[in-house]
Amino acid sequence: MTKGPPGILERLVRAGLGSDDRSAWVVGDLREEYARLRERASPLRANAWYGLQGIRLIGRVWFARGWDNVEGKRAMGRLGATGSVFAFARRRIRKAPGFSAVVVLTLALGIGANAAVFSLVNGVLLRPLPYEAPEDLVFLWSDLTSEGVPRAWVNGGHAYELQQSASSFSHMVPMELEESSLTRGDGADATDVVLGLVASNFFDALGVAPRLGRAFLVGEEGSGAPAVAVLTHELWQSVYGGDPAVVGASLRLDGDVYEVIGVMSPSFRFHIHQSLGDPTPPGLFVPLDYDLAGLGPEYGFWMAVMGRIAPDVPHERAFAELDAIASRLGERDWNAPDFRFDVGYLSEDLVAQARPLILLLMAAVAVVLAIVCANVATVYLARAVARQRDSAVQIAMGASRTRLAAATAAESLLLSMAGAALGLLLAYGAVSLLVGMAPVDLPRLDEVSVDVRVGLLTIAAAALVGLVTALAPSFLHRRAGTAAVLRGSGSRSGRSVGVGRTQRGLVGVQVAMSTALLISVGLIGKSMLRLFEVDAGFRHGDQVILTTQAGGEGATDDQVLEFYETLTDRLAGLPGVRRVGAVSALPLSTRANQHHLDLSSAPGATGDPDLDEPLVDRLVADDAYAEAAGLEIVEGRWFEAGEMVAGTRVAVIDRILAERFWPDGSPVGERLGFPGDTVGYRVVGVVRQPRLYDLGADDRPQWWLPHSADVRSRMSVVVDAGTAGAGLPNQIRQVVRELDPTVAVSDMSTMEGLVRDAVSRWRFALWIMGAFGTAALLLAVLGVYGVVSYAVERRTSELGIRMALGAQARSIRTMVVRQGIALVGWGLVLGTAGAWASGRFLSSLLYGVTPRDPAATAAVVAVLLLSAAAATYLPARRASRITPMEAFREE
Amino acid sequence: MSSKDGLGSFEHLVLLAVLRLEGEARALDVRELLERQAERSVSRGALYATLERLEGKGFVAWSTEDATPARGGIPRRVFHLTDDGLAVLRQSHRVLDRLSEGLEGALG
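From first to last, the protein sequence lines are chains A and B.
Position in the first sequence (from 1) plus 506 gives the number in the numbering used here.
Position in the second sequence (from 1) plus 12 gives the number in the numbering used here.
Watch out, some of these pointers could steer you wrong.
Computed, partial: chain B to chain A, Cβ under 7 Å [unchecked claim]: (1) Phe22; (2) Ala39; (3) Leu40; (4) Arg56; (5) Ala73; (6) Arg83; (7) Ile86; (8) Arg89; (9) Ala99.
Only some residues are given here: those of chain A computed to face chain B with a beta carbon under 7 Å [stated by the list, open to error]: (10) Pro512; (11) Leu515; (12) Trp531; (13) Gly534; (14) Asp535; (15) Glu538; (16) Glu539; (17) Leu563; (18) Arg1143; (19) Ala1147.
No lab work stands behind these hints, which were simulated from the structure alone.
For clarity, every value in this text was computed on a predicted model and none was experimentally measured.
We put the beta carbon where it would ideally sit given N, CA and C, even for glycine.
So here's chain B without its partners, still in its complex pose (with noise of 0.2 Å):
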């Protein structure tokens, strides 16, 4: 895997989150989830430029949604992922199931 196609860890967070919330990925909800699911505060501006980066690596892909008036009349954005997404998805599972094997004492 080229260093172009690597998975940081948040982005690793957002793919899962991106596929956790199937086709109900906004960028508002997957930011909820995140908070309260991963714990962690997330930026915006990070949030934004993560989806942009998993959309230039091909993982992820969106599809607009009505606009509503709440927006200003601005469709949103709904994002899935892609073929791609899903490969690197599972490749780094398996990675991380096969380097945590026999550690369960430690990693609880």
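Chain A extracted, bound-state conformation (with noise of 0.2 Å):
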């Protein structure tokens, strides 16, 4: 029994080819060559080839003139009667290809823009992230408020706390990230990992089981704890290559052996909360390797807690309970029974900082399509005014005015669709570019794509398109008089009031839009600049800057302390090198440890403990860091290289500690320490804090503190070689490599990087809404083009007479620039107002400039008024032209 095509396939064509039986003749030899097909290549082939051929089949019958040659006549007696409207609409696309590629053509832009758009709103804020029931899983903070941090992390006893009481959660997992220097068990070379430390019952809570080896068991976790590993498939194939035989095997991490029992499955991500550290996620997870219990708020405050709310329990109980156990862990620890946990959906969390960004490019580019309907429209109108004869003529030979407007409708819905199509494969093409150029920031990246989501939205968009450009010409058909568009008394003048006025509209409009968007282009622009030139308080030069972890878990501090010194001084060996320096939070890093600073015996000091006792970033810095940086010291000096010893008991603060608790002196000499220290730290100097957050504004105070004081074994360098060549990260790699090749070495980057990431939101921001501006722009000018020719056209009599009766053609050429400016005066004016309106969407991408900044609404404004008096230009020069004898021949 031979097999023919899947029926679906067979329908469609049938479907596409029409019901006449010279399409069944067709789809019989294509049935039977499919079945010849078939017998000699797999099925999959066939189908493939039937499909092909079938579109082929549908094309050129459709587009082209295939044997349907029947033309004209017929055409008008099928729209009369029963005939369907669509294949009227072909007939008309078919006789207008040049129209109809530049209606397909605009709306492919504007749907393409929205359709890659769309899909990254679709992969980072609406696609369920990959995990069992992902609705119930949240994210826990401290709420710290008082202490001026909303969000602060769990405590490790609070965090065992949870785990023991919280009856509504089925899972409470305590976890905190590291970074750390993986080695095979072979040897090979180190290279630097995010490492997940969490309960045993981590992924459980996310339903997900490795696809190679085991997960953790119940209790495999705390001090004591076998000591395994679970692999991301990432890590797995960069490192070991995809080796199946990696369960079992050794790996090592900052020295330490552990076993690997487990490699997750490719589409495992486990997505964490930018407060969570680098954005990156985890290479492997292995288990908390110390016991919580009893760490109470003494040790501070350093996991980040997910819980599971149990299935059938009601959220808000579930926050109830929470809050009543804070409440009492408050009312334990320090006596506030109205301390909180903070909570929030792993899902929103995970984009809450996204949100914004990517809601603003969504309201931009519905902009854009908005802006391209009403061009579309416009171009329809036009051509419908010059068809409205043909109309008259087919209405009174018996065609209904219902199925003359369906007719329009059903040719722009396929145009749209066509433009859909168009759009869809460039979005494919947008999407890359868009990912590629995505803020550093952005999470979920790699779940951007164009699937069925983002095509039925498409599609659907299309639609929409199809029906609102089809309205203005429908809305036309509505309005002519037959008898009066037959006798010819609206040829030229009277009845083209209306659609003038529509015309007008549609243009204004897309100038108001244009004007909106561009003004928003300006402000982030200008919030770049200004933030490139924002002094951040450090050098952003082409410092080399690179981040390694010293020695293994058991290593002293005289061993790390002299890995750094040994590395910096041969570092500083390097030809050209000038300065070394090394700290353990570089400028924008966000990796400063927090906690509180006694200056109750300041001269400031307010008497208030929760004022004199603020919180503050540590950081510690060895003595060359300063200069290889670029800090300001604004008093005093920066550390010296005879401190870098043990022992040594001072410390350098920030100019925002300095002007609050030494207000009219000087806090150099001075002591301070942590609340209880009563030896505290000499002040030696002041300087202008080097931001760690936000490039833009000053954040919580900082104090600084030798390396020697406060011994880490993860730091970051600084090499400052001026001009050195492109050699030089791979110096340092060797230089590193020599001095212990178990130690790993991050990505190298440059301070100058550093604050190109920072910008890397603006920078996304500017670069596309700066393509939608010029989109936007261009189309509103062939508006306003179009709309000026067409007046011009139509008063080529009037301006023939003028002519006549002695008018300067360089008199005529202004009136007509005139009526085009004042055409886009009422865009740019709705426009100004509406972006001056709107500024709350942008307020989170604007620096150092308000939403209604003059200069940025000037230069639009002056720019959209350029080019409308370039687009009247040459309709302004055909209209001096126009001779009287042309005018007479008009009438």
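If you follow the hints, you should be able to join the two separate chains into one complex; please do so.
Encoded structure:
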């Protein structure tokens, strides 16, 4: 028994070809040929062949001169009676290929841009997280608003209590992230990895299981837990080349040996909120290797806690239980029963920071689509006017008005569907461009793609666009009096008033929307310029930066200090290198530790312990860091080489602390320290705060200690080499490898790169909004050109008479240009008002400018006026060359 | 000969193919023969449109052959040349012959 092509395909081909006999023959031939091919080739190939042939045939029948070579008269008859409106629409499209192409291309741009941006919205904001019942997953923070930190980490002891007593939760998972040097068991080169230290129920809470091996067993955590690790698919590929024998193998993390017990599937990703540090997802997971019980608030706040609300428990009840627990803990630990946990759903939390930017893009792209619609509607309108006579003839010969309108709607629907198809293709390309340009802190970028949802939405948008743009000409059909048109009384002047008004309205709307878009672009651009000019407290030049981790867990303080001393010395010996400094937290890295500082005996103290023990960032650096990073010493001095030995009790504070607590004098020589520390640290200098969080604004106060006073094994190194060659990163790697081959070096960047990353959100917004703004401007200018040309053509006789009566060409030109500018005028006013009113959508992207920045507004208005003047110049020149003879011929 | 009766070059090829296949000229076979002998790829749409046009001009006619399961119950059309078709083919060949006479050197 021979098998035919898939039923759905055959039905589609039949439907596409139409129902007459000739089509039936073709369908039969196709079926026979399909059967022959199927005997020789795979069913998949045969099906693909059938689909392709079907599309080609349908395309030919629709758009070329297929076998349906009946033209003209027959079409009219059909439209009057029972024929398909789509058949009529198809013929219209075929007859005006240029017009159709312009419409399809314009729509494709608008729809494609929308599909691309919607893919971003879909991937980042809408698509559910890849876990079981992700809506039940929450992150918990400590609400320390009274300390100025509404979302602080959770204390370890608190995490333990939550695990023990939160009965509304099926899982409570404390975790922390660490950066670590990974070396394979066979001693291959070290790799810098992000490590997730998690409670043993982590994978169970997410509802995911490893693809190879096993996950952690219940209770496989705490001190004495086995040293086991679960790798992500990505790390398995990059470090082990996908070798399945990895399960059971051993690896070293900062020198300690772990056994690999599992590998996750490629689709697994753990998305971490940005407040968990680096947005890079962990490459591997190991169990928490210490006991949380008893680690009270005196140990600080350092854990992220993820919870899964138990099935069937109403979320409000779960949150109420958390409040009760928090209240009990607050009471117990610092006599504050109003202590609370801040709770956020995993999905919302993840994108909280990216949401405003993405919604702004969506709004902008919707505006572009609206402009495209207005533009296409103008084009349809102009053609409807030109075709008014034809329509009138058709109506007179019996075509119903409704059917004529339906045919117009069908035509615009077909064109917008073609636009959607082309637009989706464009979107495929645009999405990878968007993702490539997207700011570093945008989460879930790897999930952004053009999927079914995007496709469906695009088709829906195209259908809507088709109907909207069809409305304008349909409206005209309703108004045109058949008899008047046929008599010819509507040929030039009278009947066009309504059309002209609609057209001018549409163009005005386009100008208004372009103005609003361009003003946003101007504001974002100006903000970005301001940000680049900002003095963030450090020199963002071409200093190379890298981060390393000295020794393993067992390394002593002396060994760590010696490692960094030797490393910086050797790096300083590289050709061209001027200075090398080390620091615990690079500018804009958000990595400092926070704690309280006792300033109650400083002159500026208020007597209120809440104010006199401010929460500060603690940073640790060596003696060369200030120069290498270009810090500005306001008073006193930086650390000296001699102070880089254990036991030195000196500190540098930032200007914020100095101004607040020593408003009239100098802090240099004074002592300060942790609450309860009676010895304290002697202040040797005051520095301008190199910004850690936000390029544009100071954050928490900072104080600095020499590396010897607070030894960290993980430090960042700044290599200031002036105009060193491109080989420097390799030389640096070589030096590290010679010093200790088990130490991993992070990806290298430059201080300049830190700033670039920090403004990546603005750059991204500027590029995209700039592209949209330019497209909008072009469309609006085309619109202005169209309307003014139309007006000039309509007034040929009037202008001719003016010329005959002695009007100067120059005055005619001025008149026409002035008209064009008047057309733009109200659009400008409306657009400016719109941009000013919607300024708050932009607020997250504005820096150093207000939404009503006069310079940006003025610049945009000038650009639009100039463009409008340019758009009217050609029709104005034509108008000024009209001769009286031409005018009379027109009549 | 009026323009309605003129023979395009592709029509010419199709007529020759139908003649050559005598009695076996189904659309599929015509296409295969053309692709093989004329060394050109033939689009289905163009072939069907041409066959329709030739039928309209009265140069070809068709009869049906029994349906086979492979065709999903749709009978096949077998094309053959009409007398007019044969005449127009002969005439254009005479023209070709006369015009080609003495050009063997160039045409090979």
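Item checked: Hints not upheld, ascending by number -> 1, 5, 9, 10, 11, 18 and 19
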